[in-house]
Amino acid sequence: MKDRMEKGQEEMKNGQEEMRKGQEEMRKEQEEMKNQIQSHVESKIGEIKDHVNSCIEKIEGDVQSVKREIGEVKGEVERKIEEVEDKVQGKLEEVKEKVQVKIGDLEKRL
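In this note's numbering, the protein residues as written are 1 to 110.
None of these hints come from the bench; they were simulated from the model.
Using 20 Å as the maximum straight-line C-alpha spacing, the simulated SDA-like pairs for lysine to any residue come out as follows: (1) K28 with Q16; (2) K58 with E47; (3) K67 with V77; (4) K13 with E25; (5) K28 with E17; (6) K28 with S39; (7) K67 with R79; (8) K21 with E10; (9) K74 with D86; (10) K96 with E85; (11) K87 with V99; (12) K91 with K102; (13) K13 with Q23; (14) K96 with V84; (15) K34 with K44; (16) K58 with E69; (17) K21 with E31; (18) K98 with V88; (19) K80 with E69; (20) K80 with G90; (21) K58 with G46; (22) K96 with E107; (23) K13 with D3; (24) K34 with G22; (25) K87 with G75; (26) K102 with G90; (27) K44 with M33; (28) K67 with I56; (29) K7 with E18; (30) K108 with E97; (31) K44 with S54; (32) K44 with C55; (33) K34 with G46; (34) K74 with V63.
Kindly produce the complete structure, drawing on both the sequences and the hints.
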């Protein structure tokens with residue numbers, strides 16, 4: 001009976017040891033899985049950062065393009081304003097001359 005008890009205890013110890021080994025193996029696998037997930041997440045974060053940076057560069061390019069167009073339009077508007085001002089000035093000079101002529105004519109009549 002003592003032998004059977006010792007044998008039972010030995011089997012129990014062996015079972016406990018196997019259980020500890022199984023638990024240790026599970027912990028290692030969980031750690032490995034955690035590392036794989038972390039690596040995958042970091043990789044995806046890198047891809048997202050690259051994509052965001054690419055979008056930012058495109059937006060910056062678009063902004064520069066719009067600024068150039070605004071500058072061109074501004075220059076064109078300024079040129080048109082100058083043209084109109086010159087035309088108006090020319091018309092004013094014409095009218096002034098005509099008024100002077102009319103005043104001269106009226107003075108002669110008097």
